[in-house]
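Q: One letter stands for each residue in the lines below.
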Amino acid sequence: MSGKPKLTYFNGRGRMESIRWLLAAAGVEFEEDFLETREQYLKLIQDGHLLFDQVPLVEIDGMKMVQTKAILSYIAGKHNLYGKGLKERAFIDTYVEGTTDLMQMILTLPFSPPEAKKKNLPLIIEKAKNRYFPAYEKALKQHGQGFLVGNQLSWADVHLLEAILMVEEKESTVLSEFPLLQGFKTRISNMATIKKFLQPGSQRKPQPDDKYVATVMKILKEG
Amino acid sequence: MKCFAENCLRERALGQRNCSFSLKTGLHIPETESFTMSHYKLTYFNLRGRGEIIRYLFAYSGIKYEDYRIEWADWSSIKPTIPFGKVPILEIDGVIIHQSLAIARYLAKENGVAGKTPLEQALVDAIVDTIDDFMSMLPWAEKDHDVKQRVFDDLLTNTAPGLLQDLEKFLGNKNWLVGESVTWADFYWDVCSTTLLSLKSDLEDSNPNIWVLKRRVQALPAIAAWIQQRPKTIL
Numbered sequence: 001m002s003g004k005p006k007l008t009y010f011n012g013r014g015r016m017e018s019i020r021w022l023l024a025a026a027g028v029e030f031e032e033d034f035l036e037t038r039e040q041y042l043k044l045i046q047d048g049h050l051l052f053d054q055v056p057l058v059e060i061d062g063m064k065m066v067q068t069k070a071i072l073s074y075i076a077g078k079h080n081l082y083g084k085g086l087k088e089r090a091f092i093d094t095y096v097e098g099t100t101d102l103m104q105m106i107l108t109l110p111f112s113p114p115e116a117k118k119k120n121l122p123l124i125i126e127k128a129k130n131r132y133f134p135a136y137e138k139a140l141k142q143h144g145q146g147f148l149v150g151n152q153l154s155w156a157d158v159h160l161l162e163a164i165l166m167v168e169e170k171e172s173t174v175l176s177e178f179p180l181l182q183g184f185k186t187r188i189s190n191m192a193t194i195k196k197f198l199q200p201g202s203q204r205k206p207q208p209d210d211k212y213v214a215t216v217m218k219i220l221k222e223g
Numbered sequence: 001m002k003c004f005a006e007n008c009l010r011e012r013a014l015g016q017r018n019c020s021f022s023l024k025t026g027l028h029i030p031e032t033e034s035f036t037m038s039h040y041k042l043t044y045f046n047l048r049g050r051g052e053i054i055r056y057l058f059a060y061s062g063i064k065y066e067d068y069r070i071e072w073a074d075w076s077s078i079k080p081t082i083p084f085g086k087v088p089i090l091e092i093d094g095v096i097i098h099q100s101l102a103i104a105r106y107l108a109k110e111n112g113v114a115g116k117t118p119l120e121q122a123l124v125d126a127i128v129d130t131i132d133d134f135m136s137m138l139p140w141a142e143k144d145h146d147v148k149q150r151v152f153d154d155l156l157t158n159t160a161p162g163l164l165q166d167l168e169k170f171l172g173n174k175n176w177l178v179g180e181s182v183t184w185a186d187f188y189w190d191v192c193s194t195t196l197l198s199l200k201s202d203l204e205d206s207n208p209n210i211w212v213l214k215r216r217v218q219a220l221p222a223i224a225a226w227i228q229q230r231p232k233t234i235l
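Here the protein sequences come in this chain order: A and B. Throughout the first sequence, residue numbering follows my numbering, covering 1 to 223 in sequence. Throughout the second sequence, residue numbering follows my numbering, covering 1 to 235 in sequence.
None of these hints come from the bench; they were simulated from the model. Treat the hints with care, since some could be wrong.
Said to hold, decoys possible - Lysine-lysine pairs mimicking PhoX-like chemistry, simulated, CA-CA at most 25 Å apart:
id: 1; chain 1: B; residue 1: Lys200; chain 2: A; residue 2: Lys195
id: 2; chain 1: B; residue 1: Lys148; chain 2: B; residue 2: Lys200
id: 3; chain 1: B; residue 1: Lys143; chain 2: A; residue 2: Lys141
id: 4; chain 1: A; residue 1: Lys78; chain 2: B; residue 2: Lys64
id: 5; chain 1: B; residue 1: Lys200; chain 2: B; residue 2: Lys214
id: 6; chain 1: A; residue 1: Lys78; chain 2: A; residue 2: Lys170
id: 7; chain 1: A; residue 1: Lys185; chain 2: B; residue 2: Lys200
id: 8; chain 1: A; residue 1: Lys141; chain 2: B; residue 2: Lys169
id: 9; chain 1: B; residue 1: Lys200; chain 2: A; residue 2: Lys196
id: 10; chain 1: B; residue 1: Lys64; chain 2: A; residue 2: Lys84
id: 11; chain 1: B; residue 1: Lys214; chain 2: A; residue 2: Lys196
id: 12; chain 1: A; residue 1: Lys84; chain 2: A; residue 2: Lys69
id: 13; chain 1: B; residue 1: Lys200; chain 2: A; residue 2: Lys84
id: 14; chain 1: B; residue 1: Lys41; chain 2: A; residue 2: Lys84
id: 15; chain 1: A; residue 1: Lys195; chain 2: B; residue 2: Lys214
id: 16; chain 1: A; residue 1: Lys185; chain 2: B; residue 2: Lys143
id: 17; chain 1: A; residue 1: Lys118; chain 2: A; residue 2: Lys196
id: 18; chain 1: A; residue 1: Lys118; chain 2: A; residue 2: Lys69
Take these sequences, add in the hints, and give me the full structure.
A: Written out as structure tokens, the structure is:
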């Protein structure tokens with residue numbers, strides 16, 4: 001028992017990536033168990049480790065946690081990344097829902113058929129540029145401090161940075177109309193724990209490729 | 001601070017109820033009901049800034065303290081109530097000490113990390129002041145963004161390397177900047193270099209030994225625990 005949280009998921013981003021980001025931002029070291037075969041997955045279910053027969057699974061503080069949002073909420077609360085008080089928490093929850101909606105679109109893209117992929121990507125970029133990034137640019141402007149909420153790093157900031165980088169991977173100039181988001185990206189990226197996570201050799205996962213998609217489909221026996 | 005036992009006039013260390021003599025020999029009654037620990041309250045902004053060296057010393061010594069972080073909105077009403085109008089301040093049982101380095105030096109001395117001899121203490125002070133000289137050159141409060149950026153860039157590009165080279169030379173192959181064990185000079189190096197790196201990350205590319213020292217400080221269990229726990233702020 002190392003005391004470190006243990007993450008069980010496929011060897012890729014998926015729904016676990018936000019959890020990796022948040023643990024890294026909090027400076028918490030974690031271990032990973034990668035699902036490579038359907039047998040591993042079925043055994044987890046058989047042994048009763050997955051409450052809803054789904055991953056992500058994070059074993060942390062004696063709990064076998066499932067449901068991404070619950071896990072993120074717990075980590076944020078535990079590591080002083082959930083703001084001070086109920087109102088700051090409400091803002092953080094709001095912002096995180098927005099970035100979740102945006103990242104969800106990109107997350108599911110590799111699993112859609114090729115024609116859908118081709119059609120949806122430009123729509124996602126358009127949503128990022130016309131709905132989400134303007135909202136966060138406005139939030140930064142109104143709050144007038146370096147962070148989205150309060151005066152210290154929160155889950156909302158980490159999630160937004162993850163979302164920005166994810167969209168930029170699809171279109172590198174996406175922040176060109178958003179100066180505050182550009183500054184935000186630089187500032188947050190330079191914070192010690194985040195910087196470490198962004199360096200090669202960290203537990204950050206690369207973009208999903210065909211091999212990853214095939215592995216996930218095989219394990220979950222979908223399609 | 002005096003040992004709490006009856007008729008004992010020996011000094012006791014901060015955080016101990018009795019003098020070490022009585023602890024070793026067991027010749028005194030260890031506790032009385034009226035015993036109370038000193039109360040420490042640090043007042044600063046929600047930043048690492050000039051407060052962080054003090055927080056490091058509390059973390060390292062294990063002494064409990066109130067880490068009071070002022071909200072910007074409250075500063076203008078709090079400022080006039082503080083003797084010299086500047087933070088950090090440390091209140092110890094109602095006595096206010098100002099000046100971050102004076103506070104740090106006091107805590108360091110009380111906890112054996114100020115340097116083992118007067119000579120070492122002088123060297124520790126010199127290193128701290130050297131680092132602090134540079135940090136104080138940066139125009140943190142400059143209102144003109146362009147001027148601020150220009151001066152920051154100039155100092156980080158043209159002046160910082162010289163400081164880092166000098167620190168590297170001073171450290172040499174030693175484990176700690178001064179003496180055989182960690183001192184608050186090492187803490188101050190970690191505190192300040194964290195901010196320097198966040199402003200210019202390639203400073204880490206040269207002068208390897210000072211960066212090894214930084215990791216060594218960060219690996220001290222009490223410091224590692226504090227770093228993980230502390231609010232994450234830009235400065």
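Q: Take the hints in turn and mark each one as holding or not.
A: Status of each hint after checking the structure:
Distance hint between B/Lys200 and A/Lys195 is fulfilled; the C-alpha atoms sit about 12 Å from each other, no more than 25 Å. Proximity of B/Lys148 to B/Lys200 is assessed by CA-CA distance (about 15 Å); at most 25 Å being required, the pair is judged to hold. As the CA atoms of B/Lys143 and A/Lys141 are separated by approximately 18 Å, the hinted pair is consistent with the 25 Å bound. For the proposed pair A/Lys78 and B/Lys64, the alpha carbon gap of about 20 Å is at most 25 Å, so the pair holds.
Proposed proximity of B/Lys200 and B/Lys214 is supported: the alpha carbons are some 16 Å apart, at most 25 Å. For the hint pairing A/Lys78 with A/Lys170, the CA-to-CA distance comes to about 33 Å; that exceeds 25 Å, so the pair is violated. Simply put, A/Lys185 and B/Lys200 have alpha-carbon atoms about 15 Å apart, close enough for the 25 Å limit, and the pair holds. The suggested pairing of A/Lys141 with B/Lys169 is violated, with an alpha-carbon distance near 45 Å, which exceeds 25 Å.
With a CA separation close to 14 Å, the supplied pair B/Lys200 and A/Lys196 stays within the 25 Å bound. A hinted pair counts as satisfied when its Cα atoms are at most 25 Å apart, and B/Lys64 with A/Lys84 qualifies at roughly 21 Å. Restraint check for B/Lys214 and A/Lys196: the C-alpha separation of about 15 Å stays at or below 25 Å, so the hint holds. For the suggested pair A/Lys84 and A/Lys69, the alpha carbons sit about 19 Å apart, so the restraint of at most 25 Å is met.
Between B/Lys200 and A/Lys84 the alpha-carbon distance is near 30 Å, which puts this suggested pair outside the 25 Å criterion. Distance hint between B/Lys41 and A/Lys84 is fulfilled; the C-alpha atoms sit about 20 Å from each other, no more than 25 Å. With a C-alpha separation of about 16 Å, the suggested pairing of A/Lys195 with B/Lys214 holds against the 25 Å cut-off. Between A/Lys185 and B/Lys143 the CA atoms are separated by roughly 22 Å; this keeps the pair inside 25 Å, and the hint holds.
With a CA separation close to 34 Å, the supplied pair A/Lys118 and A/Lys196 exceeds the 25 Å bound. The hinted pair formed by A/Lys118 and A/Lys69 fails the criterion: a straight-line CA distance of about 29 Å is larger than 25 Å.
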